[in-house]
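Peer 1: Please arrange chain B on chain A, whose structure you already have, making use of the hints.
Residue numbers (this note's numbering), protein chains in the order written: chain A, 2 to 347; chain B, 2 to 347.
Worth flagging that the hints you see were computed from the coordinates, not collected in a lab. It should be emphasised that the depicted structure is a prediction, and the values quoted were computed from it without experimental measurement. Be a bit skeptical, because a hint or two may be false.
The list makes no distinction among identical chains, and a pair is therefore deemed to hold if it is satisfied within one copy or across any two copies.
[To be verified] Cut-off 25 Å, straight-line C-alpha distance, at most; resulting in silico cross-link-like pairs (DMTMM-like, lysine to aspartate or glutamate):
id, residue 1, residue 2
1, Lys-71, Glu-261
2, Lys-281, Asp-40
3, Lys-281, Asp-218
4, Lys-281, Asp-201
5, Lys-298, Asp-203
6, Lys-298, Asp-235
7, Lys-281, Asp-203
8, Lys-71, Glu-228
9, Lys-71, Asp-263
10, Lys-281, Asp-202
11, Lys-281, Glu-269
12, Lys-88, Glu-159
13, Lys-88, Glu-236
14, Lys-298, Glu-159
2 protein chains.
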Amino acid sequence: MVMNVGVIGLGLIGGSLARRLVHNGYAVTAWNRTPRPYDQARSEGIHCVDTLAELAAQSLDVIMLCNPLKAMPSILAQLHEVLLNPKVTLSDVGSVKGMVREQVREAGLADRYIGAHPMAGNEFSGFEASDPSLYDDALWAITVDEGSDLWRCAMVGELISRGVGNRYIVVDDDSHDRAAALISHMPHAVSTALINQLVDDDNRNIAAALAAGSWRDMTRVALTDPERTRAMIDEDAENVEALLRSMARRLDALADALHEGDHGGIAEFFAHGQAFRDYKAIERRHAGHDAAIHNGKEMTLALEDGGWQNTLLESARRGERIEEIAQTAHGYIASVVTGLGLHNIE
Amino acid sequence: MVMNVGVIGLGLIGGSLARRLVHNGYAVTAWNRTPRPYDQARSEGIHCVDTLAELAAQSLDVIMLCNPLKAMPSILAQLHEVLLNPKVTLSDVGSVKGMVREQVREAGLADRYIGAHPMAGNEFSGFEASDPSLYDDALWAITVDEGSDLWRCAMVGELISRGVGNRYIVVDDDSHDRAAALISHMPHAVSTALINQLVDDDNRNIAAALAAGSWRDMTRVALTDPERTRAMIDEDAENVEALLRSMARRLDALADALHEGDHGGIAEFFAHGQAFRDYKAIERRHAGHDAAIHNGKEMTLALEDGGWQNTLLESARRGERIEEIAQTAHGYIASVVTGLGLHNIE
Numbered sequence: 002m003v004m005n006v007g008v009i010g011l012g013l014i015g016g017s018l019a020r021r022l023v024h025n026g027y028a029v030t031a032w033n034r035t036p037r038p039y040d041q042a043r044s045e046g047i048h049c050v051d052t053l054a055e056l057a058a059q060s061l062d063v064i065m066l067c068n069p070l071k072a073m074p075s076i077l078a079q080l081h082e083v084l085l086n087p088k089v090t091l092s093d094v095g096s097v098k099g100m101v102r103e104q105v106r107e108a109g110l111a112d113r114y115i116g117a118h119p120m121a122g123n124e125f126s127g128f129e130a131s132d133p134s135l136y137d138d139a140l141w142a143i144t145v146d147e148g149s150d151l152w153r154c155a156m157v158g159e160l161i162s163r164g165v166g167n168r169y170i171v172v173d174d175d176s177h178d179r180a181a182a183l184i185s186h187m188p189h190a191v192s193t194a195l196i197n198q199l200v201d202d203d204n205r206n207i208a209a210a211l212a213a214g215s216w217r218d219m220t221r222v223a224l225t226d227p228e229r230t231r232a233m234i235d236e237d238a239e240n241v242e243a244l245l246r247s248m249a250r251r252l253d254a255l256a257d258a259l260h261e262g263d264h265g266g267i268a269e270f271f272a273h274g275q276a277f278r279d280y281k282a283i284e285r286r287h288a289g290h291d292a293a294i295h296n297g298k299e300m301t302l303a304l305e306d307g308g309w310q311n312t313l314l315e316s317a318r319r320g321e322r323i324e325e326i327a328q329t330a331h332g333y334i335a336s337v338v339t340g341l342g343l344h345n346i347e
Numbered sequence: 002m003v004m005n006v007g008v009i010g011l012g013l014i015g016g017s018l019a020r021r022l023v024h025n026g027y028a029v030t031a032w033n034r035t036p037r038p039y040d041q042a043r044s045e046g047i048h049c050v051d052t053l054a055e056l057a058a059q060s061l062d063v064i065m066l067c068n069p070l071k072a073m074p075s076i077l078a079q080l081h082e083v084l085l086n087p088k089v090t091l092s093d094v095g096s097v098k099g100m101v102r103e104q105v106r107e108a109g110l111a112d113r114y115i116g117a118h119p120m121a122g123n124e125f126s127g128f129e130a131s132d133p134s135l136y137d138d139a140l141w142a143i144t145v146d147e148g149s150d151l152w153r154c155a156m157v158g159e160l161i162s163r164g165v166g167n168r169y170i171v172v173d174d175d176s177h178d179r180a181a182a183l184i185s186h187m188p189h190a191v192s193t194a195l196i197n198q199l200v201d202d203d204n205r206n207i208a209a210a211l212a213a214g215s216w217r218d219m220t221r222v223a224l225t226d227p228e229r230t231r232a233m234i235d236e237d238a239e240n241v242e243a244l245l246r247s248m249a250r251r252l253d254a255l256a257d258a259l260h261e262g263d264h265g266g267i268a269e270f271f272a273h274g275q276a277f278r279d280y281k282a283i284e285r286r287h288a289g290h291d292a293a294i295h296n297g298k299e300m301t302l303a304l305e306d307g308g309w310q311n312t313l314l315e316s317a318r319r320g321e322r323i324e325e326i327a328q329t330a331h332g333y334i335a336s337v338v339t340g341l342g343l344h345n346i347e
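Same shape as in the complex, but just chain A:
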């Protein structure tokens, strides 16, 4: 089916999403905090409204919250007042999921919520920077909990696969937020610690003079707005804390091995991550992740009441990607493609 989608917030992510959905034949109604982007958005075929009540009055299937996280409580409180049709599913594009679900629950909207997070973005912002191709080959994470409706999950999945043309995985909030902490939030803190280490060194100007590619790569994210990084880490503090302690133990263990001349321990440190090097080498040979996944097998997973969340989580853990969740005569099934996966370290 072709859906009616509401988009709240016409920034880079929301604007690009709205434009991509319109390109693919979806009807999109948008509301933005200020009408500044409306002229441009209307010329792109987006129906713009002045109030959230007007948005809620449309016959919508899904509303995507694409507003800044800090505006979330106030927008959710307003939606709770005006969003009377229980069939409308609420989703979002935030980069932390546990916190958003908590805010949705506090606003009394938990029943209709399915989380989502597209792996897309760049360093720009605002509708004027929006670009439907921002979503080319983007992978999404959908997040659910025990109380989530499978039909709502399937609908957000369809918006992603047919509306945007992307693949997705379905996981719980905590798995998402821990993974995001591992591959983004914690590394941002490590990068920041590196530049702190440099400025504290008496020979900082000598070090800065000798710095080459490895230093440049490892400190690039420390050069981005530290206030944004601080907020991102604060929102996922518990996971980041655990990962920082684990990283500190790894660095101390290598320091101990170097101190003791423990050649076996040093060798193990450098061999330990080989599965990831192999994974990246295969990915490179296939010229990018998505192409590598295309070489995967097609598979079908039966989704059962009370167990579908775990079936999809295990699928994501195996490195699979979902192409579609569909209703059949025998219930819901997920069509997935097997992925590369770090299989040799299972």
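Peer 2: Coordinates of chain B only, in the frame set by chain A:
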């Protein structure tokens, strides 16, 4: 003056150096472990000889050791036998300096040694990959100790400034090796610890699926040959150990601050390295480091017996670059350009 330079080892670094010196009118005699690159080297105007004795028999001003570190002891032992002229200065291009000076001392050649390390290179190797432009805008570190001859330091400096067309700094071995540990060796270990963290995570395939630019940048060097990284860290083990422990304490301190909700501590962590962000922002505005330095002032430093090493170390610490060390009627002077420097954190 135009020098006669001996180059030992015609790999990427030595071959590119020899070709650049020939382009600039220097006479270069080279020896390589095998004569494989000799035809190509001779066509580039490099005089190739079959033994180190033949090399030593030339009337050379400086010999640059451009061989692999593991071949150093054997080559130095041979040079000790054949290098009878005490006027010949010995230098090298190795990326760790304390260890090389130790090997030079053990070979009985310490009196004539001046260390050097060009910030140049790429992922290729061998004379066939050599390219004189590898040294475009490269900065060199020269390393000296209390016993070093200033005239030899000036001669290696002239080879760098007139022969290669680069600027340089002059520091002690330990300052060099600690700075190299800070901006390269330790970060390589941190990058490796990140991929170890990922492969140990139950949700590694979810994390790998969500990974984007920050993860890619921070793990790039962990994907390079781990055996080369291991060897590099082993050669600078003491400095790397201290830096790993310091980094571990920084990560633990941030973890503590997150745990305690210590907003002041978290804010300080993210503000601490601001001087480096400012430094890089200025560098970017000047489109690269060398251009930024060109905007610096020209200055002259008097070099005095017994104190010149420290004068030059302090200059490097201020972020200055040496253009020339010259002998005048009143003794040696260094012409330097003031650099960007991380001044606001002095």
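Peer 1: Any hints this thing doesn't respect? Which numbers, in order?
Peer 2: 2, 6, 13
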